[in-house]
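**Student:** The chain contents come next:
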Amino acid sequence: MSRRLAASSAALGLVLGLTLVGAGRAEPSRRPKYGGTLRVEIGAIVNSLDPAAAAANQVEAAAKEKIGALLYERRNADGTFAGTAGSGPFRIAEWEPGKHLALAANTGFVGGRPFVDSVEIQMGRAARDRVLDLELDKADLVEIPPEEARGAAERGIRVSTSQPDELVAVAFVAGRPAADDARVREALARSLDRPAMVNFILQRGGDPAGGLLPQWSSGTAFLFSTAADVPGAEELVSQIGHPPQIVLGYDSGDSLEQSLAERIVVNARDAGIRLTGQGSSEGPSGPASCDARLVRLRMPSPHPRAALVNVMGAIGPLIGLQLAPPAEGASAQQIYEVERGVVDSYRVIPLVWLPQVSGVGARVRDWKAPAADEGWPLADVWLEQESP
Amino acid sequence: MDWDNGLRALADKVTAVAPPPATIDLTMNNLSSLSADEVAGIDERLKSELTRRLLRLAGTAPVDVYLDVTLSEGTEGYLIVAQIRRGTNEETAIFPVSKGAKNGKRSGGVALEQQLVWEQPGVILDFALPPAAAGEAPTMIVLEPGRLTFYARKQAAWQIDQAVIIPPARPWLRAARGHIDLSQSLAAGRAGLPGIECKGDFQHPEAVQCGFVSQDTQPWIQGDARVPKAFDAGGDAAGVSLQCDGRPVVLATGKEDWTHSDFIQGYEMEANGQGATASGNPTEFGGPVTSLWWTGIEGVARAVVHNLKTGNYEAYIVTATCSQ
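In the order they appear, the protein sequences are chains A and B. Positions 44 to 431 (our numbering) are the ones given, in order, by the first sequence. Positions -2 to 321 (our numbering) are the ones given, in order, by the second sequence.
Keep in mind that the hints were calculated from the coordinates and are not lab data. Backbone N, C-alpha and C define an ideal beta-carbon position, used for all residues, glycine too. Any given hint might turn out to be false.
Unchecked claim - Straight line, CA to CA, 25 Å or less: simulated SDA-like cross-link-like pairs of lysine to any residue:
| id | chain 1 | residue 1 | chain 2 | residue 2 |
| --- | --- | --- | --- | --- |
| 1 | A | Lys109 | B | Trp255 |
| 2 | B | Lys306 | A | Asp172 |
| 3 | B | Lys10 | A | Gln377 |
| 4 | B | Lys306 | A | Glu116 |
| 5 | B | Lys306 | A | Leu266 |
| 6 | A | Lys76 | B | Pro164 |
| 7 | A | Lys109 | A | Asp172 |
Said to hold, decoys possible - Below, a sample of chain B positions facing chain A; criterion: calculated Cβ distance under 10 Å:
| id | residue |
| --- | --- |
| 8 | Ser29 |
| 9 | Gly71 |
| 10 | Phe92 |
Starting from the given sequences, assemble the full structure and let the hints guide the process.
**Tutor:** Shown next, in the form of structure tokens:
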């Protein structure tokens, strides 16, 4: 048989095989099917898919990262995307910056052709509209803010929640006089009621954070207290005499940051600390007048050493961190001691851990909440039926 | 480090902080996925290590050292976290313990035991452990989407011996399945993916040839032919050529999709092949069972699991026996 004929026969075999599945013994329904369009809605507005172009804010940067992981085959050692756009599981079919992106399955992807034929991503959709579209079967996959996850689940929405992998923390800006006194920073850390932040602001859609690594990753987070110690904070304030006024910056476009900042102001005031919140639309860098800032840090890896190195690298310059990150091959004991050193400096005060929450439509199969080092697993999901 | 070594290291640490005959007040907490029985066993072993070092376990005051031990768990394994407090001094000592596969329990019916033989980050479609010839090193064959890899057991570890590259008929399908068939003999081995078959003398991998075939000639795609057609537990199933009280035994996976942890359950078939009853306890895995086949040895199946926690693909031997 010629090679060409053999190839044709193989192609026919593939078709026959897929057809015979239904004709012979019933194929288990959990076997994936090919075809269909996955409809995705996100809140972010992405204006450029060029990895080199700077994002306007953290929300856009995170969305660009997720989309990039669908377009590029792999990453370089430094985490940047390698190869050309379209070498990944999907290629761009249509692109309206800031509004809409259509992706088509890359049949030549080395990791295997995605199950779905295409993905439609609508951008800039409000959280309420996204959930509504999911309920009306106008969307298959939507992002849900962590604080709305519980309510969505109670409404019968299929909610997928990742391990909590995004840290929200207060970072004191190096060189600001108000942040110089370690007792001021410690007093603020002790005054915070993190469980209340989780229960009331996040509606239990997260975990209190005492350390820089979550319990599921390091196994040692329980060693870092998350309980408020108002008497301890008051004692420190009394030692200081006249505590300085602290200005806490946050992203005014981020309602969660705003709520957390308002809660911090209340906790601080209860302990005798003078702190005011200052919203800004200048993104993560914030205004220069802030003594401290709310920061959101997504774990790039589930492994504790890599995650701690990333956190220290991300906030080190801001807070003037002097400690060296844990070395390659560091033991659990060594990683804990470095983390303990950073936390006990009170230059960064962990607040809460947030998960990545998604609403998943009924016809979506094999959706798995992405791990800390994973993007959207859209190449792995398949649809029970074609698009309506 | 295993539990015994971890507990010994902890006992040595405590002895260094409080030399014998110090009195220790020990508290054990569990934040891991270990069961209460497993924690109780670890607690007993730690107490044994401490008393062997002539330390005394306190029931009442006076106490020299307070020892709070927490069994915890992270992405890299279990941790023994000890907070050792003597007077105003407190120190924290952490001892990692690697994870091992847990065994299934027996409680009558079909008893299942699982044994992890191999794991790797890349996809495993199927694997085989051919019987080793006298004087020869054991071998293992692993079928991946683009490769058939032959391993040899050397110095207590599996090492790649040879690999046969499987040319793609087209870009690999994500749902690719595979099957290794050594039922004729190792010298007439077959390894197939849908539309492709590699065959030849698997004792001499360099002679193995891969080519395109019609899927009509690959009956394994339809599942294990030994399983009665009426049997449907929702997932994959394999007959294992074992009978308990005259009833053929079939092993089957759960029916959830591949985003869930999974299990293998033994079933005893009715003589007419029309009915089946779950028998014994299932043996559980940390991810979906993506492949399940009989090994050719009575009661023994091979299973591939995609561990959702580690992301690795794991190869297990699952042995079914008839419990009394």
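**Student:** Please write out, lowest number first, the hints stated earlier that are contradicted by the structure.
**Tutor:** Result: hint 2 breaks, nothing else.
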